[in-house]
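Knowing the structure of chain A, use the given hints to seat chain B on it.
Chains A and B supply the protein sequences, listed in that same order. The first sequence begins at 1 in our numbering and counts up by one. The second sequence begins at 1 in our numbering and counts up by one.
In short, the hints are calculated from the structure, not lab data. The structure presented is a predicted model; accordingly, all values stated were derived computationally and were not measured. Ideal Cβ positions, reconstructed from N, Cα and C, are used throughout, including at glycine. Check the hints yourself; a few may be wrong.
Pair ranges (Cβ atoms, derived) [to be verified]:
| # | chain 1 | residue 1 | chain 2 | residue 2 | range |
| --- | --- | --- | --- | --- | --- |
| 1 | B | Arg95 | A | Lys68 | 27 to 37 Å |
| 2 | A | Thr28 | B | Gln56 | 13 to 23 Å |
| 3 | B | Glu62 | A | Val55 | 36 to 46 Å |
| 4 | A | Leu2 | B | Lys83 | 20 to 30 Å |
| 5 | B | Gly96 | A | Met13 | 28 to 38 Å |
| 6 | B | Leu27 | A | Met13 | 28 to 38 Å |
| 7 | B | Glu69 | A | Thr20 | 44 to 54 Å |
| 8 | B | Asn53 | A | Gln14 | 45 to 55 Å |
| 9 | B | Glu69 | A | Gly94 | 22 to 32 Å |
| 10 | B | Arg44 | A | Thr28 | 15 to 25 Å |
| 11 | B | Arg95 | A | Glu58 | 18 to 28 Å |
| 12 | A | Gly53 | B | Val109 | 50 to 60 Å |
| 13 | B | Glu69 | A | Lys17 | 45 to 55 Å |
Calculated cross-link-like contacts (lysine-lysine; reagent style DSSO-like; alpha-carbon spacing at most 30 Å) [unchecked claim]:
| # | chain 1 | residue 1 | chain 2 | residue 2 |
| --- | --- | --- | --- | --- |
| 14 | A | Lys68 | A | Lys56 |
| 15 | A | Lys17 | A | Lys41 |
| 16 | A | Lys41 | B | Lys14 |
| 17 | B | Lys71 | A | Lys41 |
| 18 | A | Lys97 | B | Lys70 |
| 19 | A | Lys97 | B | Lys71 |
| 20 | B | Lys9 | A | Lys41 |
| 21 | B | Lys83 | B | Lys9 |
| 22 | B | Lys14 | B | Lys57 |
| 23 | A | Lys41 | A | Lys56 |
| 24 | A | Lys3 | B | Lys83 |
| 25 | A | Lys41 | B | Lys57 |
| 26 | B | Lys57 | A | Lys97 |
| 27 | B | Lys57 | B | Lys70 |
| 28 | A | Lys97 | B | Lys9 |
| 29 | A | Lys41 | A | Lys97 |
| 30 | B | Lys57 | B | Lys71 |
| 31 | A | Lys68 | A | Lys3 |
| 32 | A | Lys41 | B | Lys70 |
| 33 | B | Lys83 | A | Lys41 |
| 34 | B | Lys57 | A | Lys3 |
| 35 | B | Lys83 | A | Lys97 |
Which bits of chain A does chain B cover? Going by a derived footprint, with three or more residues having C-beta under 8 Å, they are [unchecked claim]:
| # | segment |
| --- | --- |
| 36 | 36-47 |
| 37 | 97-107 |
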Amino acid sequence: ELKVEQNPLFLSMQEGKNYTIYCNYSTTSDRLYWYRQDPGKSLESLFVLLSNGAVKQEGRLMASLDTKARLSTLHITAAVHDLSATYFCAVGQGAQKLVFGQGTRLTINP
Amino acid sequence: DGGITQSPKYLFRKEGQNVTLSCEQNLNHDAMYWYRQDPGQGLRLIYYSQIVNDFQKGDIAEGYSVSREKKESFPLTVTSAQKNPTAFYLCASSRGGYTFGSGTRLTVV
Numbered sequence: 001e002l003k004v005e006q007n008p009l010f011l012s013m014q015e016g017k018n019y020t021i022y023c024n025y026s027t028t029s030d031r032l033y034w035y036r037q038d039p040g041k042s043l044e045s046l047f048v049l050l051s052n053g054a055v056k057q058e059g060r061l062m063a064s065l066d067t068k069a070r071l072s073t074l075h076i077t078a079a080v081h082d083l084s085a086t087y088f089c090a091v092g093q094g095a096q097k098l099v100f101g102q103g104t105r106l107t108i109n110p
Numbered sequence: 001d002g003g004i005t006q007s008p009k010y011l012f013r014k015e016g017q018n019v020t021l022s023c024e025q026n027l028n029h030d031a032m033y034w035y036r037q038d039p040g041q042g043l044r045l046i047y048y049s050q051i052v053n054d055f056q057k058g059d060i061a062e063g064y065s066v067s068r069e070k071k072e073s074f075p076l077t078v079t080s081a082q083k084n085p086t087a088f089y090l091c092a093s094s095r096g097g098y099t100f101g102s103g104t105r106l107t108v109v
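Next comes chain A alone, as it looks inside the complex:
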């Protein structure tokens, strides 16, 4: 059974600082996704990672994937308040299913 674990689950940081969210998964998969969710809202797709060593960047967010270690990271550079949200990783299982991590609630303080 595929299990996906994120850490930390809660993260409070100051603007301008850097930090990393980790996503570990238990069985082999060929795709990993990162999503952002604002309170009471749906999920916004951030990144899709499909191969070992994949790295994608959008603004202050950068995601990477190490399929051998079954680990993905979401790195935040010089955080700004607008990045406050809950971030989820999700790992593909079989042809179509996704298994989600618990989410990391990120709060960025001025």
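Relative to the frame of chain A, chain B by itself:
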């Protein structure tokens, strides 16, 4: 514009009542999904469908039912057998990537 429409946005259910959540997509995606999200938690898969007239149970299907009579539509019924239905329900569709609807917040009154 293509997308997924969920309705209603808020839904209140009385004890012992069945309610149906609507999910419609115009993306021409074959696969559709229903997820449940409880406060402070990740999403858990209820049901999914990869083609019309076929669907499979996810991890928490008990107390729920679905149908897939049209490619565009995948309604979810929360039955009276679901003892703790209060949650945020998200519908998604995919063809490669995933697109999520805006969600329905269901509350038991």
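Results for each hint:
no.	hint	result
1	B:Arg95 - A:Lys68: 27 to 37 Å	holds, 29 Å
2	A:Thr28 - B:Gln56: 13 to 23 Å	holds, 21 Å
3	B:Glu62 - A:Val55: 36 to 46 Å	holds, 41 Å
4	A:Leu2 - B:Lys83: 20 to 30 Å	holds, 27 Å
5	B:Gly96 - A:Met13: 28 to 38 Å	holds, 33 Å
6	B:Leu27 - A:Met13: 28 to 38 Å	holds, 36 Å
7	B:Glu69 - A:Thr20: 44 to 54 Å	holds, 45 Å
8	B:Asn53 - A:Gln14: 45 to 55 Å	holds, 54 Å
9	B:Glu69 - A:Gly94: 22 to 32 Å	holds, 24 Å
10	B:Arg44 - A:Thr28: 15 to 25 Å	holds, 22 Å
11	B:Arg95 - A:Glu58: 18 to 28 Å	holds, 22 Å
12	A:Gly53 - B:Val109: 50 to 60 Å	holds, 51 Å
13	B:Glu69 - A:Lys17: 45 to 55 Å	holds, 52 Å
14	A:Lys68 - A:Lys56	holds, 18 Å
15	A:Lys17 - A:Lys41	holds, 26 Å
16	A:Lys41 - B:Lys14	holds, 24 Å
17	B:Lys71 - A:Lys41	holds, 25 Å
18	A:Lys97 - B:Lys70	holds, 20 Å
19	A:Lys97 - B:Lys71	holds, 18 Å
20	B:Lys9 - A:Lys41	holds, 11 Å
21	B:Lys83 - B:Lys9	holds, 21 Å
22	B:Lys14 - B:Lys57	holds, 25 Å
23	A:Lys41 - A:Lys56	holds, 24 Å
24	A:Lys3 - B:Lys83	holds, 25 Å
25	A:Lys41 - B:Lys57	holds, 25 Å
26	B:Lys57 - A:Lys97	holds, 11 Å
27	B:Lys57 - B:Lys70	holds, 18 Å
28	A:Lys97 - B:Lys9	holds, 25 Å
29	A:Lys41 - A:Lys97	holds, 21 Å
30	B:Lys57 - B:Lys71	holds, 18 Å
31	A:Lys68 - A:Lys3	holds, 16 Å
32	A:Lys41 - B:Lys70	holds, 27 Å
33	B:Lys83 - A:Lys41	holds, 25 Å
34	B:Lys57 - A:Lys3	holds, 18 Å
35	B:Lys83 - A:Lys97	holds, 25 Å
36	36-47	holds (count 5)
37	97-107	holds (count 8)
Against the hints set out earlier in the document, no violation occurs for any number.
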